[in-house]
Amino acid sequence: MIDTKALINQFDEIKARLAIKKVSEESLSELKKIALAYKSCKQELEELQAFQNKTSKLFGQYKREQKDITELKVALDENKMKMSTLESALKDIESHLEILAYGIPNLPDDATPQGEDENDNVEIKKVLTPPHFDFAPKEHWELGVTNGWIDFEAGVKLAKSRFSVLRGMGAKINRALINFMLDYNEKAGFESVITPVIVNARALFGTGQLPKFEEDMFKVDSHFDDEQSEHDLYLISTSEITLTNLYQDSIIPSEELPIMLTAQTPCFRKEAGSAGRDTRGMIRQHQFDKVELVAITHPTQSVAMQEKMVQTASGILSELKLPHRLVQLCGGDLGFSASNTIDIEVWLPGQNCYREISSISNTRDFQARRAKIRYKENGKNALVHTLNGSSLAVGRTLIAIMENYQQADGSIIIPEVLHKYL
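Heads up: the sequence shown begins at 362 in this note's numbering, then just goes up one per residue.
A hint or two may mislead.
[Unchecked claim] With a Cα cut of at most 25 Å, we get these calculated BS3-like pairs of lysine-lysine:
| id | residue 1 | residue 2 |
| --- | --- | --- |
| 1 | K580 | K518 |
| 2 | K403 | K415 |
| 3 | K366 | K737 |
| 4 | K400 | K682 |
Keep in mind that the hints were calculated from the coordinates and are not lab data.
Bear in mind the structure is a predicted one, so any value in this text is a computation, not a measurement.
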């Protein structure tokens, strides 16, 4: 969540930085107006509380000394009524402030280049050389059906379009990739975690999926007979949500930072707004496996941590001998919660292009402010920085193996690093 104090004090700077994310001046001005009203109301309430405390002490003193307390009692009663009215007003203003603030994206940081969209992203470097084929390479959906690895029709029969079924060697390699990725991440220092794949709305607000992206979430029936009330529950779109929110409402001793976590989960996305894009194959599915990296760091550690996470995800692709490139996203292509993002794109010979397989984002204190994740240092509390990234999208890694390791007869060689998992 945006820092409203900074918005008040540095309005023009923040307005300029958020303009690249298409945030209007009107929405920021409205947020500033409400933030100022909240600040004024809070200050007034604090003054009334100070008067109440001071006068209450005097009231007790007068009573002990058997002095006339009539005027003090009237003043205390009147002040108490004012406090009650002001507390109610402050609560309403705070609710309005949160609603507005929740809809404002994170600020692009200084390392994020200017740009309007994906066409302005900056290639950092290429890793490994794309293979040369003496035949026309096939796309993964044809290879998957030919080899009996992917059954698209069964996915539609069981659910709907953009679901698929992996069978035989396709299912085995999917499982092998998960174990290989988790092992690699553990060796890099990330702790393995297993989390629920159903979360409450509070967690989704914490990492920024709600309220803006609710239409992309799968909401589940959340009525339980053993509970008095219903809770809004959703299937996760990424384990970034669960891993980050493990520390929701926490104060972490600074010496315990950084916290580095990894998890594999199925992920669920409606892909709202992506109609007509990647309708064939497994590039854009409603359900997919992903291995995630999450780090919670001291603010001075987050830049170095982002580099480590990029190296970890890139290292997995290098071990699999899959050509890929690193791309710095421009401000106009950044996600809602991201302050800085480096994408990793893997080479797909069948499509003759690089496709995103991971995004490593530094959200700085944006998610921490929403989820109330702080650290304690020298007796003071401050917001941590949080980072997240795919390491990797398992289905897209399987696709990349199929296309890069395909043979002229349509068969597929299995990368050597996966042999021990099979």
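Checked hints:
1. K580 / K518: holds (22 Å)
2. K403 / K415: Distance of about 18 Å is within 25 Å: holds.
3. K366 / K737: holds (21 Å)
4. K400 / K682: Violated. K400 to K682 sits at ~56 Å, over the 25 Å cutoff.
Figure legend: structure checked against the earlier numbered hints; the only hint not met is number 4.
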